[in-house]
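The listed protein sequences correspond, in order, to chains A and B.
Sequential numbering from 1 applies to the first sequence in the working numbering.
Sequential numbering from 1001 applies to the second sequence in the working numbering.
Think of the hints as simulated: they come from the structure by calculation, not from any bench.
The beta carbon of each residue, even a glycine, is placed where N, CA and C say it ideally should be.
Check the hints yourself; a few may be wrong.
What the hints assert, rightly or not - Chain A stretches covered by chain B per the calculated footprint, using a threshold of three residues with CB under 8 angstroms from any CB of chain B:
no., segment
1, 67-81
2, 390-402
To be verified - No farther apart than 35 angstroms at their CA atoms in a straight line, the calculated lysine-lysine pairs in the DSBU-like style are these:
no., chain 1, residue 1, chain 2, residue 2
3, B, K1084, B, K1146
4, B, K1146, B, K1073
5, B, K1073, B, K1111
6, B, K1146, B, K1111
7, B, K1084, B, K1073
8, A, K333, B, K1073
9, B, K1084, B, K1153
10, B, K1111, B, K1153
11, A, K333, B, K1111
12, B, K1146, A, K333
13, B, K1145, A, K333
14, B, K1084, B, K1111
Here's the letter readout for the chains.
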Amino acid sequence: MSVSDRRFDLLRVPVVGRFLRWRWSRAAMQTPLFLISAVMIWHAFFGPQLAPKNLATLLAWVHFRGLVVLLLLLGGNFFCMACPFMLPRQLARRFISPQWTWPRWLRNKTPALILFVGVLFVYEWLDLWSDPWATGILIVGYFAAAFFVDLFFKRASFCKFVCPIGQFNFLASSISPLEVTVRDPNVCVNCHTHDCIAGTHAPLSLANFDATSVALIDASAPAMTHTCGKLIQRGCELDLYQPRKVGNLDCTFCLDCVHACPHDNVGLLARVPAEEIVSTEIRSGIGNLDRRTDWSWLIVVFVFGAVLNAFAMISPVYTVEQAFVRATGFDSKLPVLAALFAFALLIEPAILLGIAAWLTRKTADAGVSLWMVINRFTRSLVPLGLGVWLAHYGFHFLTGFLTFVPVAQYTVRTTFGVDYLGAPLWRLGGLPQSLVLPIELGFLGLGLIGSLGVAWRIAADFAPFKTLKAFAPWAFIAVLLFTSACWTMSQPMDMRGTFVAR
Amino acid sequence: MDDPNSFLFTAGMFASPKTSRASRLQLAFAAMLAIFAANFLVGCRPKTPVHAGSLLATVQFEPNPPTTHGPVKLSVSLSDAAGKPLQIDQLEVEGDMNHAGMTPVFAHLHKTGPGQFAGEIQFTMGGDWFILLTGQLPGNTHFIKKIDVPGVKPQ
């Protein structure tokens, strides 16, 4: 009995597994999301410019975000699996083959990191939550970026190097209970075709080649026939070679490897959430995470950006901003927001992580660089980061998950002039805020426990004889962030847009 | 065999190469499309969400600024462009946050004079709100007027 036989495998669940193994399952999931996106875009530009009555703002900022983080917590990276942005690109690639490889100097997370910060910044700057038109621009821009990047650059360049939502999902899915991985590693040892990354190619046939070519081919050489035939099933376009793949980082759950593996040896298996964060193995398609500072910056934005994004929705942020305005004399939103972002995403993490890493390195007396310590231990904050996103996005989703019903009814009424879906039931909302607060605190608590557990495991590996001392600085940061997030969530919501003018 | 972990070990590399001229054409086409799309989107932004002609509305809250601590008293004055009070009997008021996903609140108003209405509304969260005044003018013309209510104070 192999190890995987004892693990839950979603692909072996009767109906769901059969559907997911179906060659067109991804397209079947992408199509409805693409159609919903099309409706959102149409409503953003031609519907009422009132955020609570517009499908673009409602579905993007309440339902999409809430469902994504909940799915990541409960399952895995299923949004990337059903990503609607990939559908036009896939259709285009049937007619146009990309010609260029992604520039070597950009083969890191820097472009996505800049866009990730950019989206968070623009969200606050332009009050995207209250602006259907700007939200529509963002959605169209996203479709265009995905389409054009992958129209010109081979493989999944957009997903791996550009997409900020993808990076968010990659990091969050390191906490997910499911991962795409091999069922039995022994099967891979004897595999010579590596279809999981190279793709599946049709064997050569007489119809494809002239007699001279056929005569030159040794029919007993499988690798030759394998690589020369037409590609009939993609392998992993994100360079994740299954036998050496560790966890969910960079995995879009596209299941190309599942479809490509001729041995049916790739599954969607259960695992211990967050365990992959502790791993120091060299990861296929990623390398050594201890040397990937770009990943650490991504984690910094993921974690500290979560706290900042929630903080921007409560009253005290306006006090801070007004104090900044008085101190500097700036009277526009841009510099105030830029200063807030610089402090929260640059200065504060640099101080906290720098001091913690210095203390840890000193404690362990390890001859490693400060960056290596930062890169390894910063990963421990990912569970807490997801906890904060869950608490924030979960609040909006849980308090408003039924609001799509009256807004859809209102949209039909205003579009067709007839209540085909009935009169708008405006009373439909979601759970009362008093019920949602304990759920928010629960998410934060889970995040803290996860971060402390991961930090302890990393510290035990890093300084086996001084684990507690190596662990303490990172535990302090986690508790500090947890406390500030709890305080933020317990404040009355105060969703404002044009704060400086008042 | 090539290292399967290499970025260049791609399915795409086996595809037949095209000329650089074709690539340039693709790029030019993409740029034109992007410029056209950006132009279209920037040009088509709706100017105002709801139109109510030359109708003038004055809304006052007590306390001001309004808070989420209990019902807020609301008085509305409606007039035409010349300042003449509107002759209407009913006025509906709906309050919404400017963030999607919040349940709207409704106020029941009673007429206190020509074009004058009063009532109460309960704001449920601090932040920026707007209210929509809906009514029917003489001659069966419906109107909707949007009034911003910025900075409702949380409890």
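Legend entry - Distance restraint between K1084 (chain B) and K1073 (chain B), which requires alpha-carbon spacing of 35 angstroms or less: 24 angstroms, holds
Inset, instruction - Mind taking a look at whether chain B covers the segment 67-81 of chain A? Criterion is 3 or more residues with CB to CB distance under 8 angstroms. - result: violated (count 0)
Inset, instruction - Verify the proposed pairing of K1146 (chain B) with K1073 (chain B), using a straight-line Cα cut of 35 angstroms. - result: Status holds; Cα separation ~18 angstroms.
Legend entry - Holds or violated: K1146 (chain B) to K333 (chain A), with C-alpha atoms at most 35 angstroms apart: 25 angstroms, holds
Inset, instruction - For the pair supplied as a hint, K333 (chain A) and K1111 (chain B), confirm whether the alpha-carbon distance does not exceed 35 angstroms. - result: Violated. K333 (chain A) to K1111 (chain B) sits at ~41 angstroms, over the 35 angstroms cutoff.
Legend entry - Pairwise hint evaluation, K1153 (chain B) against K1111 (chain B), where the allowed Cα distance is 35 angstroms at most: This hinted pair holds, its Cα atoms lying about 27 angstroms apart.
Inset, instruction - Verify the proposed pairing of K333 (chain A) with K1073 (chain B), using a straight-line Cα cut of 35 angstroms. - result: Holds: K333 (chain A) and K1073 (chain B) sit about 32 angstroms apart, inside 35 angstroms.
Inset, instruction - Would you check the hint for K1084 (chain B) and K1111 (chain B), treating anything up to 35 angstroms between C-alpha atoms as holding? - result: 16 angstroms, holds
Legend entry - Holds or violated: K1146 (chain B) to K1111 (chain B), with C-alpha atoms at most 35 angstroms apart: 20 angstroms, holds
Legend entry - Hinted pair K1084 (chain B) and K1146 (chain B), Cα distance within 35 angstroms: Satisfied, since the Cα-Cα distance of roughly 20 angstroms is no more than 35 angstroms.
Legend entry - Satisfaction of hint between K333 (chain A) and K1145 (chain B), Cα-Cα up to 35 angstroms: 28 angstroms, holds
Legend entry - Verdict on chain B covering the segment 390-402 of chain A, where coverage means 3 or more residues with a C-beta closer than 8 angstroms: holds (count 4)
When each numbered hint is compared with the structure, violations occur for hints 1 and 11.
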